[in-house]
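Colleague: The listed protein sequences correspond, in order, to chains A and B.
In terms of the working numbering, the first sequence is residues 1 to 113.
In terms of the working numbering, the second sequence is residues 1 to 115.
Be careful, since some hints might not be right.
[Claimed, not checked] Below are the DSS-like pairs computed for lysine-lysine, each with C-alpha atoms no more than 25 angstroms apart in a straight line:
1) B:Lys-102 <-> A:Lys-71
2) A:Lys-57 <-> B:Lys-102
3) B:Lys-58 <-> B:Lys-22
Note that these hints are calculated values from the structure, not bench results.
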Amino acid sequence: NAGVTQTPKFQVLKTGQSMTLQCAQDMNHNSMYWYRQDPGMGLRLIYYSASEGTTDKGEVPNGYNVSRLNKREFSLRLESAAPSQTSVYFCASSETQGVYEQYFGPGTRLTVT
Amino acid sequence: AQSVAQPEDQVNVAEGNPLTVKCTYSVSGNPYLFWYVQYPNRGLQFLLKYITGDNLVKGSYGFEAEFNKSQTSFHLKKPSALVSDSALYFCAVRGTNTGGFKTIFGAGTRLFVKA
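Just chain B, with the same shape it has in the complex:
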């Protein structure tokens, strides 16, 4: 069965410091991996995705994520955090061997960036 875990409910960082939001997954076949961000009272917005190729994926707003097949992880990173990055972040995964449209979302990690 597919699953995705975001082990931290909340991540706190100081503005200007690097940030990491963790994600691990379990799927059948090769994974398609996504990161989304949700600001208060808004829908989710797509940040970046890994489908195949280079393990380091760059996305919107200076975010990047690294796919690690051996550790089944897809951690979200940013070299220098901004206060405006404070939001709820979701990792999502879909396995290539599953039928239909069953993208599984993690429970979310709240990022708080302090000025």
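Okay, chain A solo, but in the shape it has when bound:
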């Protein structure tokens, strides 16, 4: 049981380049999330997907897009990377909203130069 997997683990981009971060879960969870983690700021929600076929903005969605490809997969796209997007990105999933805890992937460390 792999849980939540993310690819790639590390990435370096130049300003203006684009990339897609991939996330998959094998726990049959309905809800999935993308967060970014910056020093001293905890985790901030970028986008979430309550269930297959739905996505919605979180706290810091500007500069990002998402796709809930199916129940298992939830990708995050940076169309034109900026240095301010240098961060560690975590994907998470949960059974559904509210009372259920989230399960996190190992993270992607992104540097934009």
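Position chain B against the provided structure of chain A, taking the given hints into account.
Modeller: The following block gives chain B in isolation, referenced to the frame of chain A:
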């Protein structure tokens, strides 16, 4: 607006001593409260949660947390710290009157347990 505060950036304890990591919150409605732990270069792992019922919640690895409604706190505790408990700890909260999935995470508290 929802918020969660972890007032200490770092907590230092000696192995074998009790530890406390503090968390206070502000939400609309009743709170759902969570503690997560993050080891270096890893994702967050769930430790425990409070939804309703008994104010003392027990979780993984011998950790427990006490919900105090009057003080709007949810402090994480362990009776006897281990060196292996050294990690980054996050408190998270979601209010029952908020829509969507807006669980708010604190900034994190780094726990250092000295042998």
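Colleague: It remains to establish, for every hint, whether it holds in the given structure.
Modeller: Status of each hint after checking the structure:
{"no.": "1", "hint": "B:Lys-102 <-> A:Lys-71", "result": "holds, 20 angstroms"}
{"no.": "2", "hint": "A:Lys-57 <-> B:Lys-102", "result": "holds, 10 angstroms"}
{"no.": "3", "hint": "B:Lys-58 <-> B:Lys-22", "result": "holds, 16 angstroms"}
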